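Participant: Protein sequence lines, in the order shown, are assigned to chains A and U. 19 is the number of the first residue of the first sequence in my numbering; add one for each residue after it. 4 is the number of the first residue of the second sequence in my numbering; add one for each residue after it.
Just so you know, the hints here were simulated from the structure itself, not pulled from any lab data. If you're wondering where the values come from, they're calculated on a predicted model, not measured in any experiment. Incorrect hints may appear among the rest.
SDA-like mimics (lysine to any residue), calculated; alpha carbons at most 20 angstroms apart, straight line [what the hints assert, rightly or not]:
id, chain 1, residue 1, chain 2, residue 2
1, A, 716, A, 636
2, A, 66, U, 92
3, A, 66, U, 46
4, A, 716, U, 147
5, A, 716, U, 140
Per label pair, the in silico range of CB-to-CB distance [said to hold, decoys possible]:
id, chain 1, residue 1, chain 2, residue 2, range
6, A, 458, U, 23, 23 to 29 angstroms
7, A, 756, U, 100, 57 to 63 angstroms
8, A, 193, U, 48, 49 to 55 angstroms
9, A, 755, U, 147, 45 to 51 angstroms
10, U, 143, A, 178, 45 to 51 angstroms
11, U, 143, A, 334, 30 to 36 angstroms
12, A, 756, U, 48, 45 to 51 angstroms
13, U, 143, A, 842, 45 to 51 angstroms
14, A, 648, U, 26, 40 to 46 angstroms
15, A, 185, U, 138, 57 to 63 angstroms
16, U, 100, A, 820, 32 to 38 angstroms
17, A, 92, U, 23, 43 to 49 angstroms
Derived coverage of chain A by chain U (criterion: at least 3 residues anywhere in the stretch with Cβ under 8 angstroms from a Cβ of chain U; other residues may be distant) [what the hints assert, rightly or not]:
id, region
18, 542-556
19, 751-757
By construction, the Cβ of each residue, glycine as well, lies at the ideal position given by its N, Cα and C atoms.
Here is how the chains run, residue by residue.
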Amino acid sequence: MSSRSETDGEPTAESETKTASEAFTGRGLNRVEDRRILTGEAEYVHDKAPDDALHVALVRSMHAHAVIESIDTDEAEAHPGCHLVLTAADLKDDYNPMPAGLLGFEEWSLADGKARYVGEPVAAVVADDRYVAEDAVDLVTVKYDTEEAVVDPREAREDEVLVHEDHGTNVGDHEELTFGDPDAAFENADRVVEGSYSWGRISGVPLETAGVVAEYDRDTDSFDIDCNIQLHTLVDDTVYETLGYDPDDVNLEVPPDVGGSFGTKIAIHRYCCLAAMASKELDRPVAFVEDRIENLQGGDMHSTEREYDVKLALDDDGTIRALDVWFVDDFGAWPRYPINQVLKPLSVLTNAYDVQDARYEYDLVLTNKTCQTAYRGFGVPAHLYALEMIVDEAASELGMDPDELRRRNLVSPDQMPYELASKNLYDSGDFPAALAHVRGKIEEERDGGLLDPDLVESKREEGKYRGVRPTVHIEPGVSGSDWTNRQRSERDELDDRDRDDVAELPEHLRAEVREDGTVRAFLATDSSGQGHQTLVTQLLADELDLLPSDIEVVYLDSVDAPTEYGTAASRMAVMLSGAAQGLGDELVGNLELLAAEIWDCESADATYRDGAVYRLDGGGGDGDDSLSLSELAGEDRDRDADERLTRASYDYEHPATRLDEFDEALARKFPVYPTAAFAANAPIVEVDAKTGEVEILKFYSLRDCGTQLNPTIVEGQAHGGLAQGIGAALQEEFAYDATGQPQAITLFDYRLPSIENVPEMELDHTETPSPFTATGAKGTGEGGMIDGPAAIACSVNAALEPLGVTADRIPFTPNRVRERIRERGTED
Amino acid sequence: MSTDDTSGSLDRPTEEITLTVNGESVAAEVEPRHKLSDFLRDARGLRGVRVGCEHGVCGACTVLLDGRSVKSCLTYAVQADGAEIETVEGLADDDGSLHPIQESFHEEHALQCGFCTSGFVMATKELLGENSDPDDDEIEAGLADNVCRCTGYQNIYDAVNRAAEKMDGRERDGEQLDETETDGEDR
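For reference, chain U alone in the conformation it holds in the complex (with noise of 0.2 angstroms):
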């Protein structure tokens, strides 16, 4: 990591970051004060990255930083150096075909103006990959960091549950066509 002032006039140093971005290794100059919201929104254009308080509390931007989700606005992108991080834009497949999760907040209409959905779309990932089969209190403690205003959540709660079966009967289809590298923990 190197410390450069790349305006001089601007007084604004910058340091060099390398961190893994769905998947793309990038490398980058930012500002030790530069938010990792902004960065993934500005220098690589993730609109899905939703900013909508800047302070912690609406779960927005919430995207996964090794598997974790992080308010990615109370998160500095020189934290993220090294780190592998996901956003909504990477669940799809190439093909275009949306990640069950996507698809199940379509399909139960658990999003409305949407500012909030990647973020929620993303704490759900968090969840299941945690949780294949959540009850309600346990959908409720995992997705308690985000706030929606327009859905009052109950279709919200259906997403979730539905997404859980498709990814449960994903992976069971998985099971049986593979069977040699499926050991049946992770669901």
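Bound-form chain A, shown alone (with noise of 0.2 angstroms):
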């Protein structure tokens, strides 16, 4: 067992005080980790590589689809200080290709033969530093024969110029899925509304680029890398497999700080391999650090973009009969495991409405563009804001008030557990509540607030519409079947499985008692500020009767840990709360067990309490009658490593996994996500009709996460994926032009959202614990980013209404608003 990182931050004084009624568990106990940060004492992987590491760079294409005809290195390898140059042919000798997420593709570590999008990686510069492997770079000649580039998604579908010709089509993969009968439900209502809207492709952009030192041992044949990848031990297989070698000798290890990832560094992959077949090259350390332009442009590290055509069949009572979404998903230069994005949304493919009837259909298409990855939602902020924008579209048609027409159709609590059409099921909740929450909020600000109707008057004789519709998005939680790898399944071998096919995922957490008294737990996943060590302590600290300060968390790595889930879905709250319950039962039992085999007294008559075991049948006599946690793990010491009982682990099953209302969902391989976390909101925004600049005055909402363990971290996560969410939907985006030149390779282009983009928030929580979990949490790590788009989306065109006109693509920057307006002819 290994451990990566003290836990050096202690605990405020005043949150280790506690009373016995009061637990530590859903207290906003400060965190752990902050102190290691705020004194610059926390160890990113940036600061990782030895003082004898080598440093690469890389050589990128600088065209976007192009055959390589020849890769000159000789002047490279000629400068002073470079040690290396790699290209294709040098790995494919004694490598892989990486692990893709279609069958039938094989993509190199480094281009081979053509280079398919801008920033590609064609060659790799190993020198003493990076400024000299730079300097290295620049002196590599690459020929290339250019091509004509795929970059429109919905043309690229046509086949004319193909990014694989061994594919032979643009279209990666394609499905089609009924749900009910949508055929006749279309056929019977009344009417059928039509619409068609983008989602920019954006992306996490945390603000710490990949980064990776690889160490070869030659003696042990084996590797041992530290990097900042996501899912450390579930995508390993995209490092063991690439470079040959078995999953125990490839020893992935991230760092207790990560500085965020949102998804997107699970496919940081490519980067650990090349360090790691340096370093074997060339018997030293091999570091790599990612530039920002570097990230921006070709690293792997941009997600969703999407071209929706949605239908929606209506009575003109409002009653929403069935749903028809198509999209085609641009996913750039090769298929990576997050294909499955285009299927999540399944897991809400009706939202908070009750609609059985569905058809849900789409096109997974190539161009040459940066290849996809994850980001916090997996695509299901895409799908929520495609389907928002045909609800109001469908309102406006019926002439009915958006309110009305989204209350009419919302779940009732009383419909609790409800199953989708798609087979998931939402928990618990109550929607119609947290509408008729944050319209509340509305009606106050109507009375001499924002949206005073003198003051909205008076804007908009300035130019500027105020507007705000209020909306309810589900936030599924907590994904931990094997769903993921539908497509690359046999897809008519799906028919024939039942649910004993599917393997569940749970969560590992282990615990030993130290000689001092303390405490120390393991954590098998990897975080990125997500406060997990922080959550784990307070946990622990409850079932163990400690105060947190008894306890330390930190990390195993990927060959200690077991292949589990770790840090994804908004997943670690409900798993590591449940984790820790059942270590903590665990660890008890056995400090019982230990204590009755020293007294040699029945196991019934030892009990635990405060940090001590205590006899109860009176047998010791003075000063025998209980033994501390330090005592015992004294007693403990001797015996053999694995038959210890001051140690426990214990594996929390996934929600799902008992439960036959998930049967239909799990054989099917469809998405499973047991928690059904969600938010009503109500931005009130501001559009410059002379400018298009889009302004969010007032951020309302109220959001169940079920029970909060931690109120502080929860707030947190809700502020952060809400500002991710108003950056998607305002300003964030990365641009092609025609030729597939990206057109955000800086911060510059590329516009996060600063401290003067993000307006005052006035969150509201309501508690609704799930049923399904073991606490009663449900996932919150995505909630913001999912739902605020979409949110915003609905109030920006609420906004423009009186204009008769309508923003359909996002990101709604100015240019995009004004195009709409300039269209409509309603400019000044």
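Join these two chains into a complex; the hints should help.
Facilitator: In structure tokens:
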């Protein structure tokens, strides 16, 4: 067992007081992670390179689509300080292609024969430091024969130019799924409403870029790789399979501090592999730190880009009969693991609405753009945006108040747990009450506030249009089945499966009592700012009747940790709290057993409380009626390591594992998310019709993630998620020109929200505990990013209503909003 | 200042610089192209200086140079010759107790992944040095050069306000203890 770091922060003094009736769980305990960060002592992967490490810089394609005719590395190799230049030809003898998200694709760690997007790595240069490595990069001469680029996702399906000739089409995957009888519903409904909406290419863009330090050990023929990959125990196959080694010979270790990921860093395996290969070749540690331009341009870090055609069948009374969603998702040059982002929206197919007939169809296309990775929400934000847009369109065509249309179709609390057409379940919640709450906030603003009718009117005279439109959204939480390999399975085999074929992914936690009387716990996951150490500290403090300062939480590497799922899909609060409960029970049972052995009494006569085991049968006499944790650890010291009773581990099973209700979804390999956190949002926006600029004046939100384990962290996740939602809705985008040249390769062009762009948020919280999870917690890590863009889109369009204009291309940048206003001819 | 070619075959000329880093005098040979951020991180081991973009947008690398905030990724080490540099490592007291700004960021949960945090803390130090009681607009202006991807900023406002209160209170206590040295101008 290896440990990676000490939890060096102590909770503040005020959080150390505890009464018998008050648990630490549920309180906004300050984080144990903070001190090391605030003092500059935190060690991120960028700090990891040892003094003798060599550094990598990459030669990257400047063409979107080009045959590589030759690569001349002689001059670079002759440059002082340059140790090695690798090209695809060097890798193909000894290593494997990187695992692809779909069957039939062979992608090497360096472009092989053809470059398929601007920024694709073509050669890797290893030198004394990054400065000289970049000098040598300039000395590599690559001869290209350029080809026409495939850029527009809808047009890509016409296959006039192929990104992958061998594949024969630019459509990487296509699926049409029907639930209920949508054809009949569309036929019988009073009317059908249609709309087309686009969602621009965005991503998480964490402040810390990717980083790796790889070291090959010739004696053991194995690798130690420090990196900031996300899900290091799940996606380690992308590294060890590429290297062609057994999992146990490739030790991925993620530092306890990672500078953000938001899903994106699951796809940094290319860098891990290149550094490892160079280390093996050179017998030296080799480091790679991605710079920001690399990250934005060709870092395999972009995420969802979609074009939607959506239809809604309705009756004239506003009852939604059926939904028909078609979209094309532009995946970039290679299909990676996040292809599953096209399926996850099935888990919230109809959002908070009660609709049982639906069609869901997509084309996943390949283009000459950077490959997609995962991003907070995993494909759901775009779906909810398209869905809420069509609901507003329907209200407009029906001449009905959109609030009334929404209210009329919401799933009601007495329908919980609610089974969606697509077979996922919402566990609990009161959506109408949430909507009513934010509507109440809006009403208050009409009375002399931001939405005072006189004020709204006078602003309109200045050309500034205010609006708000409350919406309700579901955050599907706690993915944990193997639905994610559906697209790598033969489709016709799926029909013959039952749920016994489905692997569920538990979460692992282990702990040991140390001789100083403290408890050390080990996380099998990585984290990037979510406060997992704090969460487990407070949970275990409660389970073991200890103070948080008695608990230390450290991390396991990819070899020591079981291959479990880890940090993704709004999952960790639910899974870690379940695991902490189980682990606490396990450890208490062990300690009572150990004490009974020492005392030679019945185990029922040894009982644990307040950090010690007490003897109940009175047999011990004076001074022998209790054993402290420290004493128990001392007594246990000489036992074989694997028999020690002061150690315990626990695997918390995924909440859907035992519930019959999820049978059908699991068997059919549909996304299963057993918690439905939800939010009702009401962002008050102001659109300047002259400039097209959108300002969010205030963001009201009512949020419910079930039991709040640490309200401070919950609130922080909501603030951060909403800020990312604001960026996605209004300002962030990886645009491309017609030749495939990326238009956002610095943070001047890819506009992250700053303190100037994020408005005051007024968040309220309710708690509707999940009946499916151990602690009642629901996932909450993606909320805000999931629901913010749809909410903002609806409010912007509410504001634009008097102009007869609909903004339909996210992000709603000023030029796009102005474009629609100009087209409508309603400008002054 | 001397110009010297230390490595010969590498043809990488260097210059000698002398500066003060967190109160400690430092002399070093650096390449003219060596960024201050890399110098502080690599040559001085100050890993609280984070590099997020290297083109001056994110502000993670913010340090104080003669009391003014600079983006150390856009500053060459040779430009810091003769200057006094302060980084987040220099804030806590020798006894380990945190600076009021650090305490406030902790207490208000104004950090998550923490990669931007030292930049925000240093920018806050400059802001509060110039304006002991900033309103929201002044906080916005003072921190507009820094990007945080995790917190959504609201807790950062709260942290700055809390730090302002704490520093105000601490200075007042100081006045009471030592009236002769305090003129009350710079609380």
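Participant: Can you confirm whether the C-alpha distance between residue 66 of chain A and residue 92 of chain U stays at or below 20 angstroms?
Facilitator: 18 angstroms, holds
Participant: When you take the CB atoms of residue 756 of chain A and residue 48 of chain U, is the distance between them in 45 to 51 angstroms?
Facilitator: Roughly 48 angstroms apart at Cβ, these two residues keep to the hinted range, so it holds.
Participant: Does the hinted range 57 to 63 angstroms hold for residue 756 of chain A and residue 100 of chain U at CB?
Facilitator: 59 angstroms, holds
Participant: Mind checking the hinted window 43 to 49 angstroms against the Cβ distance between residue 92 of chain A and residue 23 of chain U?
Facilitator: Holds: the Cβ-Cβ distance is about 46 angstroms, inside 43 to 49 angstroms.
Participant: Regarding residue 755 of chain A and residue 147 of chain U, is the given constraint of 45 to 51 angstroms on their beta-carbon distance met?
Facilitator: Between residue 755 of chain A and residue 147 of chain U, where Cβ atoms are some 30 angstroms apart, the hint is violated.
Participant: Hint says 40 to 46 angstroms; check whether the CB-CB distance for residue 648 of chain A and residue 26 of chain U agrees.
Facilitator: 41 angstroms, holds
Participant: Three residues minimum, CB to CB under 8 angstroms: does the region 542-556 of chain A make the cut for coverage by chain U? Let me know.
Facilitator: holds (count 4)
Participant: Mind checking the alpha carbons of residue 716 of chain A and residue 140 of chain U for me, to see if they're no more than 20 angstroms apart?
Facilitator: Distance ~15 angstroms between residue 716 of chain A and residue 140 of chain U Cα, so the pair holds.
Participant: Given the hint that residue 716 of chain A pairs with residue 147 of chain U, does the C-alpha gap stay at or below 20 angstroms?
Facilitator: 19 angstroms, holds
Participant: Indicate whether the distance between the beta carbons of residue 143 of chain U and residue 842 of chain A respects the range 45 to 51 angstroms.
Facilitator: This hint is violated: roughly 34 angstroms between Cβ atoms.
Participant: Under a C-beta cut-off of less than 8 angstroms, do 3 or more residues of the region 751-757 of chain A approach chain U closely enough to confirm the stated coverage?
Facilitator: violated (count 0)
Participant: Is it true that the C-beta distance of residue 193 of chain A to residue 48 of chain U lies inside 49 to 55 angstroms, as the hint says?
Facilitator: 53 angstroms, holds
The structure shown violates the earlier hints numbered 1, 6, 9, 11, 13, 16, 19.
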